[in-house]
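**Q** Next come the chains, spelled out residue by residue.
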Amino acid sequence: MRYEARVDITHLPGVLDPQGATVQRSLPALGYGNVSDVRIGKTIRLVVDAPDQATARAQVDEMCHRFLANPVIEAFTIELQELAPTA
Amino acid sequence: MSTRVAIVLFPGTNCELDVAWALEQLGASPEIVFHLETNLHGADAVVVPGGFAHGDYLRTGALARFSPVMDAVAAFAADGGPVAGICNGFQVLTEAGLLPGALQKNAGLKFLCDTVECRVESTRSALTAAAEPGAVLRLPINHFEGNYICDEATLERLRADDRIVLRYVRNPNGSLDDIAGVCNDAGNVVGMMPHPERASDAMIGSADGVVLLRSLLESAAVVSSRG
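Those protein sequences? They're chains A and B, same order as listed. Numbering follows the numbering used here, in which position 58 of the first sequence is assigned residue number 58; successive positions increment by one, without gaps. Numbering follows the numbering used here, in which position 190 of the second sequence is assigned residue number 190; successive positions increment by one, without gaps.
Next comes chain A alone, as it looks inside the complex (with noise of 0.2 Å):
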């Protein structure tokens, strides 16, 4: 089976996020002062050919910990999806 995921890397909660936090100090200035939070991180789109969801997912999640995020700075989370078989 193929499967698509989708990794989402975001800060961890209380790292400098300087990106976000220059990001987020230049909308009032656009009228948008009501936004808050704003955090900017990076998303890994990739294909796995695995007998079943659950490899996969369990592939992914190791990549994530050994090469994909560092977890002193970040977090992940997963999304996977089945693709349709191809022709």
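Bear in mind the hints are in silico, worked out from the structure with no lab data behind them. No incorrect hints appear here.
To give an idea of the chain A side of the interface with chain B (calculated C-beta under 8 Å), a few residues: (1) L16; (2) P18; (3) Q19; (4) T22; (5) F67; (6) N70; (7) V72; (8) I73.
Simulated restraints on C-beta separations: (9) T43/A x V136/B: 38 to 46 Å; (10) A75/B x R6/A: 32 to 40 Å; (11) Q53/A x K110/B: 39 to 47 Å; (12) A54/A x F66/B: 21 to 29 Å; (13) H65/A x A75/B: 21 to 29 Å; (14) P28/A x K110/B: 18 to 26 Å; (15) G97/B x A75/A: 12 to 20 Å; (16) P71/A x R159/B: 17 to 25 Å; (17) S29/B x E79/A: 50 to 58 Å; (18) T55/A x A75/B: 29 to 37 Å.
Stretches of chain B that chain A covers, calculated by requiring three or more beta carbons in the stretch to come under 8 Å of a beta carbon on chain A: (19) 55-68; (20) 105-115; (21) 149-162.
Just so we're clear, the structure is a prediction, and the values are computed from it rather than from any experiment. All C-beta atoms in this analysis are idealised placements derived from N, C-alpha and C, irrespective of residue type, glycine included.
Position chain B relative to chain A; hints supplied.
**A** Same frame as chain A, now just chain B:
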């Protein structure tokens, strides 16, 4: 015999020749070791120099830590061999888990290119053993991700164990507790954001980095005479 220093070269590293030159001035024999190599050619010390290893893709140091040579660096460090990470090399060593914490984007969101004052806070590391405690060194910085961060428990441990080796006199990048450099528990693995090799001769503005590089060579001599 002259101290052999392996200088690790990743694709994107750009400070290896400066480090080699500065070490040669001190009588050492530097050798540049490409990242695909799996041994360090019998080196007495290792420097992971600055630059943009593997283009800094994903995160600084994130790809470099999986280069084949890093297993040899980790084994050398575990044996007590002196290892210094400078700038990008510091980032690589934190990603590799050889040093605690991480280096995130500068608080001001600017690439910093400046000469700053750093205070020697601890002389129990391989890079500061020959320095005077409290001495203020003028050292160049060139980084975008030099803002040191770690969790509170780690910071407490670094303080209690005297592992913060250098602090900025005036914090340029938002680093937690003004940290410019830290070492591991044994003191043989050290990382610092400033560039001692670029402060290796008065002609280029400062020779304050020489004492740090000399410390590394002296630490190497101690380890090799022991072994």
